[in-house]
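Asks: Can you make the complete structure from the sequences, with help from the hints?
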Amino acid sequence: MIERRGHAGSATRRRANSVIFLGPAIVLTVLFFVVPVIIDIAVSFTDLSRSLRITEFTTEQYEKVFRTDRRLSQVIGLTFIYVFGTLAIFNVTFGLILAITTTAIRNVSGSFFRGVWLLPRMSPSVLYILLWLWAVSPTEAGLVNQVLMQVFGLDAPLDLLTSAPIALIIISNGFIGASMGMIIFTAAIRGIPEHLFHAAAVDGAGTFATIRFITLPALRWPISFVTIYQTLSLLVSFEYILLLTKGGPFYDTTVYALYVYRRAFESGQYGYGAALALFLIVIGVVVALIGWRFFDMERLLQRPRIEVQ
Amino acid sequence: MIHWRFGTAALLTATLAGIVAFIAATPLFAQETVKLELWSRQDPSGPLRPGNVVKAAERLNKELEAEGSPKRVEVAVRESPAKGFDDDALQLLKVFGIGEGPDIFIAAHEWVCAFHEDGFVLKLDDYIAKYPQHFGTIFPSLWSSAKCPDGTYAIPQDAEARMFFYNKKLLREAGYDAAFIDAMPERTLSGDLTMDEVLDIAKQVVDKTKAQYGVLHRPNKGPDYIMVFNAYGNDFVDPQSGKLLLERDKLAAAFGWFERGVKDGVIPANNTAMEFDALRKEFYTGNAAFWMYGIWDLGSVAFPTYGLPQDEKAFFADWGWIAGPAPEKGGAPVSLTHPIVYAIAADTKEPELAVRLIGHASAADLNTDHAVTTTHLGIKPEQLEDKRYADAWPLARATEMLKITKFLPNNSQFGELNGIIFAGIQGIESGRLTAEQAADFVVEEASSTLEDVIVK
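Residue numbers (the working numbering), protein chains in the order written: chain A, 5 to 313; chain B, 2 to 457.
Hints are computed from structural coordinates only; laboratory data are not their basis.
Misleading hints may appear alongside valid ones.
Unchecked claim - Derived CB-CB ranges, DEER-like:
1. E60(A) - S448(B): 30 to 36 Å
2. I80(A) - S191(B): 50 to 56 Å
3. P310(B) - L147(A): 36 to 42 Å
4. V55(B) - P40(A): 40 to 46 Å
5. P40(A) - D127(B): 45 to 51 Å
6. L147(A) - S142(B): 47 to 53 Å
7. F277(B) - S237(A): 31 to 37 Å
8. S448(B) - E302(A): 44 to 50 Å
9. E144(A) - V55(B): 42 to 48 Å
10. I24(A) - V55(B): 55 to 61 Å
11. S237(A) - P310(B): 52 to 58 Å
12. F277(B) - P40(A): 31 to 37 Å
13. F277(B) - V290(A): 39 to 45 Å
14. L135(A) - S448(B): 37 to 43 Å
All figures in this text were calculated on a predicted structure; none of them were measured in a lab.
Where a beta carbon is used, it is the ideal one built from N, C-alpha and C, also for glycine.
Replies: Right under this line is the structure:
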């Protein structure tokens with residue numbers, strides 16, 4: 005369209021457009037990503053500790069990361085289990101199941117169930133975790149124990165916070181994480197042309213064949229996006245874990261991001277926390293790039309081959 | 002033209018009169034209000050710690066008026082919502098670090114040297130010598146809790162005693178006779194009752210009564226459980242160099258006590274995951290045999306919240322306490338006192354006034370108000386003569402323990418070390434570590450994160 009008006013002013017216009025459209029995003033990225041990363045790098049080369057004073061510039065923090073910190077390997081292993089466990093069980097798989105089932109039933113009940121699954125995301129995190137704390141309370145008053153003891157005749161109450169803390173943090177995060185996948189997948193399923201389903205039915209496809217050959221191929225991009233996005237968000241978020249288990253018992257549920265927090269803010273080792281955080285940033289960027297490559301996200305963002313007007 | 006005969010004289014007189022009036026009124030106009038900021042943790046177990054400083058301002062102002070000084074002191078209290086003294090100290094270190102520190106602060110004594118290390122706290126030796134009327138009679142033993150290697154940096158505000166409270170009713174139900182139960186405190190002090198016997202008694206209670214728990218302790222980082230480590234010979238500081246000292250085998254011995262407690266089903270595996278109030282409730286409502294805590298819990302929680310008898314005789318009919326027992330028969334029992342202190346910022350503009358203010362806040366009568374309302378021990382011998390103090394029997398009874406009491410080390414890194422020790426206890430109780438592994442964990446973690454740690 006622009007070309008028809010001639011070349012005069014189009015270059016300026018294009019520049020103005022890029023400023024208008026990209027400007028806010030660039031400003032936000034610089035302010036909330038680039039600048040913090042630079043500050044983090046700077047702090048990681050200092051001895052900033054509990055009284056927020058820098059007395060020397062040093063590489064000591066990195067020596068600690070590579071040489072003396074014995075908790076780190078356990079923390080990284082746990083982070084891997086937590087991120088991929090939550091992602092594989094809830095954020096993608098369960099989100100997908102929810103989307104497929106709630107679009108397959110009547111619209112009203114489908115919306116109702118989606119609404120229910122959105123509740124955890126809508127409730128404030130403190131409130132949500134308070135409910136969890138009550139549910140898994142190691143006494144007879146806890147919801148889980150009430151059910152197990154009264155319905156299934158269990159003798160003594162279970163203490164899930166001590167006996168299965170990793171499962172608990174995966175489930176409590178998953179219940180929230182599933183809803184995002186659910187919404188995106190639902191929208192994508194709604195976007196599949198209806199006639200494809202009819203054609204499949206005529207050809208004799210059953211439910212699973214329809215899901216496999218029609219629904220899933222159409223969800224390729226949404227699944228890729230949800231996977232990358234949720235991996236990154238699970239890597240850096242820890243508020244539910246902090247509220248539910250405080251990273252314990254011992255270090256059992258201290259994922260990497262929480263470990264950075266505990267080092268920096270609970271022990272006052274800010275310089276060390278900054279060095280640890282830098283690796284989190286690097287891991288985040290690497291995961292994003294691998295995901296980009298692996299899922300071939302570039303194709304998703306290519307100009308459409310057909311012009312839809 | 003009007004000509005006033007005495008005009009010039011009148012004007013001169015008026016001017017003179019004005020000057021005289023002005024000079025006479027100068028003290029009024031020149032009265033200078035000195036605002037001193039006091040940092041205090043919101044702490045229901047000691048509201049008069051800041052409260053007494055506020056009251057002291059009135060006394061100091063009267064004194065200043067009598068001296069003819071134009072200065073008047075006003076105290077502004079800045080309350081921090083930190084959960085414990087450790088969190089509070091870390092917060093305050095940051096506040097000082099960005100130059101927003103208060104003039105005076107209240108802290109747990111073992112943190113004072115951390116403030117000193119960063120140059121945030123005023124050295125007080127000269128002031129203490131200058132004002133014997135305020136500080137001269139403070140118990141000499143308490144001063145050691147206010148010292149860093151090169152001098153005194155704080156004024157003790159109170160002391161207490163930490164112990165194992167026990168529920169006599171449950172012990173009777175478990176089959177122990179009155180003679181045995183009543184002799185426990187004496188046997189502990191003489192080194193006859195041991196740490197492991199506490200676990201045995203607790204096990205009898207758990208096995209033979211409805212009570213669910215044997216021994217409960219605080220759920221977060223703090224001083225009381227250090228008593229167990231003291232009992233097994235851990236002093237944490239090398240007396241020669243003042244550096245942190247970790248003795249692996251002694252650590253393992255202390256951790257072993259917690260390990261046996263959990264194995265016997267006496268200490269709950271989730272003790273560190275429980276809420277403070279929930280733990281107290283379990284003990285004071287008769288669901289636990291022992292509660293490892295401190296004397297002030299009677300005044301601040303047990304009496305007012307759970308209605309334990311305030312009468313001495315009635316109290317000791319069903320409840321009691323023992324010091325931290327010896328590790329084996331014939332060994333030494335321990336108790337721990339954890340003084341809270343007042344400290345003054347190095348950069349306060351009015352160090353003299355701040356010291357005098359704290360001097361008045363440390364007056365025997367004001368300190369007794371704090372002591373008797375919250376069952377903390379006083380700081381001066383004069384307080385013992387106060388009838389109110391004498392009537393508060395928990396204080397008199399707890400004072401017996403001061404003979405065997407220890408302090409946490411005044412080392413600037415002890416707060417961090419304590420966090421590591423606490424993680425070790427949590428690791429053992431939740432079944433993640435054995436006692437040996439916990440000792441190794443503490444040694445490794447402390448060696449890699451703290452400076453100048455001596456390991457034996």
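Asks: Should the hint that P310(B) and L147(A) are 36 to 42 Å apart at their CB atoms be regarded as holding?
Replies: For P310(B) and L147(A) the Cβ distance comes to about 37 Å; the hint holds.
Asks: Starting from the hint 52 to 58 Å, judge whether the C-beta atoms of S237(A) and P310(B) obey it.
Replies: The hinted range 52 to 58 Å holds for S237(A) and P310(B), with Cβ atoms some 55 Å apart.
Asks: Within 45 to 51 Å: is that where the Cβ-Cβ distance between P40(A) and D127(B) falls?
Replies: The hinted range 45 to 51 Å holds for P40(A) and D127(B), with Cβ atoms some 46 Å apart.
Asks: E60(A) and S448(B), beta-carbon distance inside 30 to 36 Å?
Replies: violated (21 Å)
Asks: Taking 50 to 56 Å as the stated bounds, is the beta-carbon spacing between I80(A) and S191(B) within them?
Replies: This hint holds: roughly 52 Å between Cβ atoms.
Asks: Starting from the hint 44 to 50 Å, judge whether the C-beta atoms of S448(B) and E302(A) obey it.
Replies: This hint holds: roughly 49 Å between Cβ atoms.
Asks: Is the hinted range of 39 to 45 Å satisfied by the C-beta distance from F277(B) to V290(A)?
Replies: For V290(A) against F277(B), whose Cβ atoms are near 43 Å apart, the range 39 to 45 Å holds.
Asks: 47 to 53 Å was suggested as the range; check whether the CB atoms of L147(A) and S142(B) agree with it.
Replies: holds (52 Å)
Asks: How does the Cβ-Cβ distance of F277(B) and P40(A) compare with 31 to 37 Å: does it lie in that range?
Replies: Roughly 36 Å apart at Cβ, these two residues keep to the hinted range, so it holds.
Asks: With respect to the beta-carbon atoms only, verify the hint that V55(B) and P40(A) lie 40 to 46 Å apart.
Replies: Taking Cβ atoms as reference, V55(B) and P40(A) lie about 42 Å apart, which means the hint holds.
Asks: Range first: 31 to 37 Å. Now tell me if the beta carbons of F277(B) and S237(A) are that far apart.
Replies: holds (33 Å)
Asks: Does the Cβ-Cβ separation between L135(A) and S448(B) fall within 37 to 43 Å?
Replies: holds (41 Å)
Comparing the model with each numbered hint stated earlier shows that hint 1 is the single one that does not hold.
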